[in-house]
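K.L.:
Each chain is listed here by its residues.
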Amino acid sequence: MIKKATTHISQNEGLIFERSREGKTGYRISALDVPATKTEELIDPSLLRDDDLAGLPEVSEPEVVRHFTRLSTWNYAIDLGMYPLGSCTMKYNPRLNERVARIPGFAASHPYLPDEFAQGNLELLRELEDNLAEITGMAAVSLQPAAGAQGEMAGLMVIRACLGARGNPRKRVLIPDSAHGTNPASAAICGYAVQTIKSNAQGAIDIENLRQVVDEDVAALMLTNPSTLGLFEENIEEVCRIIHDAGGLVYMDGANMNALVGVTRPGDMGVDVLHLNLHKTFSTPHGGGGPGAGPIAVVKELEPFLPFPRVVEKTDDKGERRLELDYNRPQSIGRVRAFFGNYSVLVRALCYIKTLGPDGLREATEAAVLNANYIAHHLKSDYDLAIPDGKPMHEVIFNDKRQSRHGVHTLDVAKRLIDYGFHPMTMYFPLVVNGAIMIEPTESEGREEIDLFIDAMKSIAQEARENPELVKGAPHNTRIGRLDEAAAARKPVLRAKAAS
Amino acid sequence: MRYIPNSAHERELMLRDMGVESIDYLFRGIPAHLQLKGPLKLTPALSESETLDYFHSLAARNVIHAQEASFLGAGAYDHFIPTVIDTLISRAEFLTSYTPYQPEISQGTLQAIFEYQTMICELTGMDVSNASLYDGSTATAEAVLMAVRVTGRSKIALAANLHPEYREVVDTYIHHAGITEQTIPSDPVTGTLKPEALADLGNDVAALVIQSPNFFGGIESLQALADAAHEAGALLVVVVPEAMSLGILKAPGQCGADIVCGEAQSFGIPTSFGGAYCGFFAVREKYQRQIPGRLVGQAFDGEGRKGYVLTLATREQHIRREKATSNICTNQGLYALMATVYLSLLGRKGLQEVAEQNVQKAHYAAKQIAALGGYKLRFTAPFFNEFVVTCPKPAREILDRLARQKIIGGLPLARFFPRMENELLVCVTETTTRQEVDSFTDTLKRISEDTEF
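Here the protein sequences come in this chain order: A and E. So the first sequence is residues 1 to 500, counted in our numbering. So the second sequence is residues 1 to 453, counted in our numbering.
Some clues are possibly wrong.
What the hints assert, rightly or not - Under 7 Å between C-beta atoms, here's a sample of chain E residues computed to sit facing chain A: (1) Lys41; (2) Ala45; (3) Thr51; (4) Arg61; (5) Ala74; (6) Ser137; (7) Thr271; (8) Val309; (9) Ile328; (10) Leu334; (11) Tyr364; (12) Phe416.
Derived from the structure by calculation, the hints contain no laboratory data. Just so it is clear, CB atoms sit at the ideal spot from N, CA and C, and this is done for glycine as well.
Could you build all of it, start to finish, from the sequences and the hints given here?
P.N.:
And the structure:
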C-alpha cells in the first residue's frame, strides 16, 4: 500500500516561447540618463544584430512567474522527501546558508576589488580552507575547483607536478573498476593512461593484486573511501604504503566523506590528495545540476603545486595583519578556473560548518551511518546485499538478483519507487555490482521517513513476486511515463523550433 | 542538532531495534587507531543569530558598488538583477532538486534547461547548446579540447587580447594534452586582431580562439577572422565573457563561428567575488556528438506525451569514462536557470534596451574622459561597454586617488600587462548612473591637474 504519496492535479505548461506575444513586457529599467547618440554612429552597423532578437520571448512578469512555478511543481526535491541516492549525499540544504550567501557584501562584491577592499572575502576563504584542512587532516586546501570532477583533475595535476619536480611524472594511474566515471575521465585529461584494477569480493582494493601491479610507472592510485560500495577501505594504510614505497602518490575521491567527518581523517590514513564535494557532504544545494564545488586538500609537500592565487597573510606598514592574494607561485599547476572558485557555494559551506561545529559534524556522521545500517538491517530480508558480510557505512548496496527471478530489475524497482512518493535510489553504479541498488539516506532523514521508505521497498519486493507487471510498467502516477530515450538520442531535438 | 530529525533518544531506539549495542559498533570497520579520540578543532557551533552576526561582520569588510561607484568589469559585470529571479530559483523544487537523471520526476528542470539551450542558440546564432559548463574560462578550455578532437590537429592559435585568466585556464587544461599554442598579436592601434596577422596560420592549427568584445573591450571583425581560420582548415572559437553584448552585436554564429562559448553571469547572476557563474557553450549541428557537458533533448513516452530527457549521454563520463568528451558531471544548473528567467523577463525588447544603455553610457563616459587633458582612449576599435584609458600618471596612482573619493576606477592593466602601466580598463553598465560617470570624470580631471582634495 502506498502511504507517502497520492496523485494530485498538476498544471500543464508549454514552453516559455509559446507564451510570447508581441508587446508583452516583463521588465522595467531606469530611463537612459545620458544624452543618446545613434548607435550606428558609435558602432559600425556591420557589427550590429539585424534580427531584432526575434528568437527571445516577450512575456509579462506574472506569466514568467507562473511558467517557472508550474515547471517547478513537476520536480521532486529534498524538501519534498528523501532521496535515497547512494554517493550523492542528498541532505537538507539549510536556508540560513542561502540567507548568508545573499548578504550584499558577498553577493555584490567584484572579484577584482583591490585586496584591501575584499578583506571579508579573503578572510572567509582563509577560514574555510583552515576548517577543511582540519576536517580532512591535511596541510593545505585549494577552494578553486568548481566541482568534484574538476577537483580530481586539479588533484591529479598536482600529483603530476610533484612527481615531475622529483624527476619523473610517470605514466599511469591505477583506478578501481568500482570508481566513479569522473575518475578515469579526469586522469585522461592529465595525460595519464588509466589502468583499471580489480576489486576483491568485498569491493575493496585487492592488496595482492596491487602489489603485483605497482611499478615505477605508476604515478598514483585513485581510490574512494569509503568505497563506492559504502565500505571502509580497511587496508587503506597498507595500500598507501605500497604506493608510497613505489614512489607514487595516493588520491582519494572524497565523495563519501559523509561517513567520515569528525570520526576519522584521510590525512591520518596516508592519503596525499583528496577532493571534497561541498554540494554533498557540506549541504550546498544541488540546484538541479549544480553549482557545486570540489576543493582539494593536500599534504605539505604538495602545497607549492596548488592552483594560484593563494590567500596569504601579511603585515602592513602599520603593523596590522592583512590578507592578500599571492599570484607568485612558480611551481603551481596554474589556474583551473577564472577568479577564485564558486565563491557563493563556498560561503554556504562555511556557514554549514559554523552552524554544526565539531559536535554537530560528528553527530551528523553518526546519524547518517546509523540510518544506512537501519535500512540495511530491515531490507536484507527482501533484497540481496551485494556484500553480505560487509560493514556498510553511510550507504548500503543491494542487487536485484532476487527480483530478477520474476523478471523485475533494478530499473523497474527504481521507477516503482516513484509511485511510492520517493526519488529512486542510485541504479547500476558501481559497475562492479550487477543490478546495483545503492541507498544513502543521509542524516537528514528521520525515522518516520525511513520507515516509509523501508515499507515502500518491501512492498515493491512483494509486488515483484506477486504482480511483476505492475512494477515493470512503473511509474504509473507521474505526469509522463518512461520516455523513449533511444529514439531521443537517434534523432536529437535539442532546442525549441525557431519562430518563423 | 536542528538539522538532524532523529533525536539522540530516537537513535538509541533504532540501535536497539537493530540489536546493536552502540553507535561505535557501526564504525568497527575503521581501524581503532584511525578513529579520532576527541572533537575536531573547529569553533563550537554558533546559533542562528550568532552565525548571521559573524557573516555580516565579515561582509562589512568588503566594498560593493552600492557603497562606492565601481567601474570594474573584465569578465564580471554589474547588471541589474530583477527581483523575481531569486523568488523563482529559491523554490524548493528547483533549489533542492537533484540532477534530472529520473526524467519522470524532473520535468521542471529538464524543460527549463531545454528553454535555456534554445535561448543560448538564439543569442549566439548556433544550432546546439549544452546545459552549462562551470564558467567562461573552463568553457574556453573545453572548446579548445573539442576543436582538437574534431580536427585531429594539435595546435591552437590564441588571440593576445583574450582574457588573461581565461588563457591561464586554457594553459592548465592543455598542458598535458600534447597541445601547443601560438599567440596572434593584436594591433597596437585598434586593440583588435587584424586578419593579416593570420596570413600564415598553419594547417596544423585546430582552432583560432578569439574573444569579442575582447579583453580591452573592442569588438572584433568576426567574419574576416572566420574566413582566415577556415582557410587554414581551423575552427573559429568565439569567446564571449560579456554575454550582454549579444543583445546588440551580431551573433557570432552568423559570422562563421564554429564554437561560441562564454560567460552568462551578466544574465541575472550576481558578481559574488567571481563565482558561481554559468559557462555557456554552443556549436554547429554537425558537432553535436562532440560537445562536452549535459544535453537535454525532446522525447516521448508510451502514450505519446512529450517530455524532456538528458540525452546523448554516451559522450559523458559516466558512460565513456576515460574516453568521454569531458570529465564534467555537476555543472551550474541552478545558475543556468537564473539566466533563463532573466532572459524570459527581459526578453526580446529588454535585452536590446539594456545592451543599448550599456553602449550609450559607456560611450558617454569615454567621450567625457577623452575630452579631458591628459587622458586618451587607448584603442580605436568600436566597443560595447568597456574601453581602455591611457592616464597621465600610472593607473595605480590614479586608482588610489579615486579610492579616496570612494570611486573604484576600473582595472589597472599592468596587473596583466606589465608594460601598460598607465592604462586603465573602464566598464560602464546600465547600473552606472550619469552622476557617477560625471563624478568619475570630474575626479580624473582634478587628479591630472594635481588639485589636492
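K.L.:
Now tell me, hint by hint, if it's right for this structure.
P.N.:
Tested hints:
1. Evaluation of the Lys41 of chain E hint against chain A yields a held restraint, the C-beta minimum of about 6 Å falling below 7 Å.
2. The interface hint given for Ala45 of chain E is met, as the beta carbon of that residue sits about 3 Å from the closest beta carbon of chain A, less than 7 Å.
3. About 6 Å separates the beta-carbon of Thr51 of chain E from the nearest beta-carbon of chain A, less than 7 Å, and the hint is met.
4. With a least beta-carbon distance of about 4 Å to chain A, the hint placing Arg61 of chain E at the interface is held under the 7 Å criterion.
5. Annotation: Ala74 of chain E was flagged as interfacial toward chain A, and the flag holds, the nearest CB pair being 6 Å apart, inside 7 Å.
6. Interface restraint check for Ser137 of chain E: the shortest CB-CB distance to chain A comes to about 4 Å, inside 7 Å, so the restraint holds.
7. With 7 Å as the threshold, the beta carbon of Thr271 of chain E comes within range of chain A, its nearest partner Cβ sitting at about 5 Å, so the hint holds.
8. With its C-beta approaching chain A no nearer than about 5 Å, Val309 of chain E sits inside the 7 Å limit, and its interface hint holds.
9. For Ile328 of chain E, the shortest C-beta to C-beta distance to chain A is roughly 6 Å, which falls under 7 Å, so the interface hint holds.
10. Below 7 Å, beta-carbon pairs count as interface contacts, and Leu334 of chain E has one with chain A at about 3 Å; its hint therefore holds.
11. Of the supplied interface hints, the one on Tyr364 of chain E holds, with its beta-carbon coming within about 4 Å of a beta-carbon of chain A, less than 7 Å.
12. A least Cβ separation of about 10 Å between Phe416 of chain E and chain A goes past the 7 Å threshold, and the interface hint is therefore violated.
Checked against the numbered hints above, the structure breaks only hint 12 and satisfies the rest.
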